[in-house]
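With chain Z fixed as given, assemble chain C onto it according to the hints.
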Amino acid sequence: MPFARHLILAMLGGALCATAAIAHENENPAVEARHSQMHLHAFNLGILGRMAQGQAEYDAELAQVAADNLAVIAGTDWHAYFPEGTAVGEVEDTRALPAIWTNMADFEAKQQALADAAKAMAGVAGTDLASVQGAMGAVGETCSACHKAYRQPD
Amino acid sequence: MRRLHRFGLILAAAAILAVAILWFLTRPGSVSAAELSGLTADPVRGEYVFHGAGCASCHSAPGAEGEDQLRLGGGQAFVSDFGTFYAPNISPDPEHGIGRWSDADLVNVLLHGIGPEGHLYPAMPYDAYEEMTLNDMVSLRAFMATLPTVASENRAHEVPFPFNIRRALGLWDLMFVRDGWVVTAVPPDAETGRYIAEALAHCGECHTPRNAFGGLQRGAWLSGAPNPAGEGRVPNITPGRLTWSEDEIAAFLRSGFTPDFDTAGAQMAEVVRSLSNLPEEDLRSVARYLKAVPAVE
Chain Z
1 MPFARHLILA
11 MLGGALCATA
21 AIAHENENPA
31 VEARHSQMHL
41 HAFNLGILGR
51 MAQGQAEYDA
61 ELAQVAADNL
71 AVIAGTDWHA
81 YFPEGTAVGE
91 VEDTRALPAI
101 WTNMADFEAK
111 QQALADAAKA
121 MAGVAGTDLA
131 SVQGAMGAVG
141 ETCSACHKAY
151 RQPD
Chain C
1 MRRLHRFGLI
11 LAAAAILAVA
21 ILWFLTRPGS
31 VSAAELSGLT
41 ADPVRGEYVF
51 HGAGCASCHS
61 APGAEGEDQL
71 RLGGGQAFVS
81 DFGTFYAPNI
91 SPDPEHGIGR
101 WSDADLVNVL
111 LHGIGPEGHL
121 YPAMPYDAYE
131 EMTLNDMVSL
141 RAFMATLPTV
151 ASENRAHEVP
161 FPFNIRRALG
171 LWDLMFVRDG
181 WVVTAVPPDA
191 ETGRYIAEAL
201 AHCGECHTPR
211 NAFGGLQRGA
221 WLSGAPNPAG
231 EGRVPNITPG
241 RLTWSEDEIA
251 AFLRSGFTPD
261 FDTAGAQMAE
271 VVRSLSNLPE
281 EDLRSVARYL
291 KAVPAVE
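So the sequences go chain by chain: Z and C. Under this note's numbering, the first residue of the first sequence is numbered 1, with each subsequent residue one higher. Under this note's numbering, the first residue of the second sequence is numbered 1, with each subsequent residue one higher.
Hints listed in this document are in silico derivations from the structure and should not be mistaken for laboratory results. Predicted model only: the values in this text are computed from it and were never measured. Misleading hints may appear alongside valid ones.
To be verified - From the derived model, a few chain Z residues whose C-beta atoms are all more than 12 Å from chain C:
1. LEU62
2. THR76
3. THR102
Stated by the list, open to error - Derived DEER-like restraints, expressed as beta-carbon distance ranges:
4. Z:ALA99 / C:GLU153: 26 to 34 Å
5. Z:GLY137 / C:SER37: 41 to 49 Å
6. C:SER37 / Z:GLN55: 46 to 54 Å
7. C:ASP247 / Z:ALA80: 36 to 44 Å
8. Z:GLY123 / C:GLU65: 22 to 30 Å
9. C:ASP260 / Z:ALA130: 23 to 31 Å
10. C:THR40 / Z:GLU57: 44 to 52 Å
11. C:ALA156 / Z:TRP78: 36 to 44 Å
We put the CB at the ideal spot given by N, CA and C, even for glycine.
Just chain Z, same shape as in the assembly (with noise of 0.2 Å):
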């Protein structure tokens, strides 16, 4: 039932996005769209890293339909989300650092790395395990490089 099974995954996501939401009532809109972003990131690379990681039972579809969701949703146009004046110590529930704005190429080129690693995966994500398992390492360090560079920690 693959249509069904869209239907949940678009509900989940859905759901996902709404209790972000609720949860940041008070959120400048642009970090509200930020937090809502990531979310959808982890979440569908919860699907494959669950199976990569021998969590969860590799399911060729599902894989496949989470590969293509995050290629779509890491290749979408970010620029929106990162106004200036929202940097960490500019409005409130962000850790993104200032550095992003001064160094926006490399921030988007980071961005694009992600798009591409996704892009990737999203080409043998329904092959097999192995190819999932392949990817992932990949997709895991953009993530990384980006939130190393340009995410305060806690």
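Using the frame of chain Z, we list chain C on its own:
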């Protein structure tokens, strides 16, 4: 008048005595070549130690990626309350690196924080590394000797008076450096993890709060601290806060993914990059060690 004179003499003698005592107390410790005979330097074990200790995280060039992570020319800046420290060149280059060092030279650094040119600043975590076995120290050196030479000059630390008196670091050692394990009771299957966490990966350097002099507050071991490299906090990873399962902690150290599929960021991303080279079972042992650390809420 004569009495005043005598008083002056006594005062001078006391001052000389005090200086002599300080000089004695702060004398650099050292290891002799004889103490190192009989050790087997194993470069394969050395590579393990290298990744466990995270040498590349600080001693590679700023922003180094991939193979460049093994070019240990130094240059990264570490800003602290006491000044700015620059990681030195520890590549095997004979001119600019440590190519001419003996095994004993490296052992003195790791065991006592004493380099050939004097006392190191504790930006180098010798307080952790001193718990390494001597065999691991010489093995580390054997592995590091296989890495590429880099011909970059060391940059002088920017440390104001009085912190620029290196001899005074001997006193700092007396006050704040401790021999032996911090967590004394761990289950046998967490002993490897303790060795990795306390002796190699020096987790306590960032995750443990410090006093006004920069000494670690061992009574609050791994309970979180202000970020040494900027704003924000390094999290509490005692069982009081870190409630992840053993599987989840091991998976994080190997992949950088949290149980919610967020990822390691800031300096922890570097730590994961190093530790991910260690065997799965050893990362599990680190997880078991973290479960044995006294909980701080």
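Results of checking the hints against the structure:
No beta-carbon of chain C is positioned within 12 Å of the beta-carbon of Z:LEU62; the least distance is around 15 Å. Every Cβ of chain C is farther than 12 Å from the Cβ of Z:THR76; the closest lies at roughly 19 Å, confirming the non-interface assignment. Even its closest Cβ contact with chain C, about 14 Å, leaves Z:THR102 beyond 12 Å, as expected for a residue assigned away from the interface. Take Z:ALA99 and C:GLU153: their Cβ atoms lie about 27 Å apart, and the range 26 to 34 Å holds.
For the pair Z:GLY137 and C:SER37, the supplied restraint of 41 to 49 Å holds, since their beta-carbon distance comes to about 43 Å. For the hinted restraint 46 to 54 Å between C:SER37 and Z:GLN55, the CB-CB distance of approximately 50 Å keeps it satisfied. The beta-carbon spacing between C:ASP247 and Z:ALA80, approximately 38 Å, falls within the hinted interval of 36 to 44 Å. Between Z:GLY123 and C:GLU65 the beta carbon distance is about 23 Å. The supplied range of 22 to 30 Å therefore holds.
Checked against the hint of 23 to 31 Å, the C-beta distance between C:ASP260 and Z:ALA130 comes to roughly 25 Å, which is consistent with it. At roughly 45 Å, the beta-carbon separation of C:THR40 and Z:GLU57 lies within the given 44 to 52 Å, and the hint holds. A beta carbon spacing of about 41 Å between C:ALA156 and Z:TRP78 agrees with the range 36 to 44 Å that was offered as a hint.
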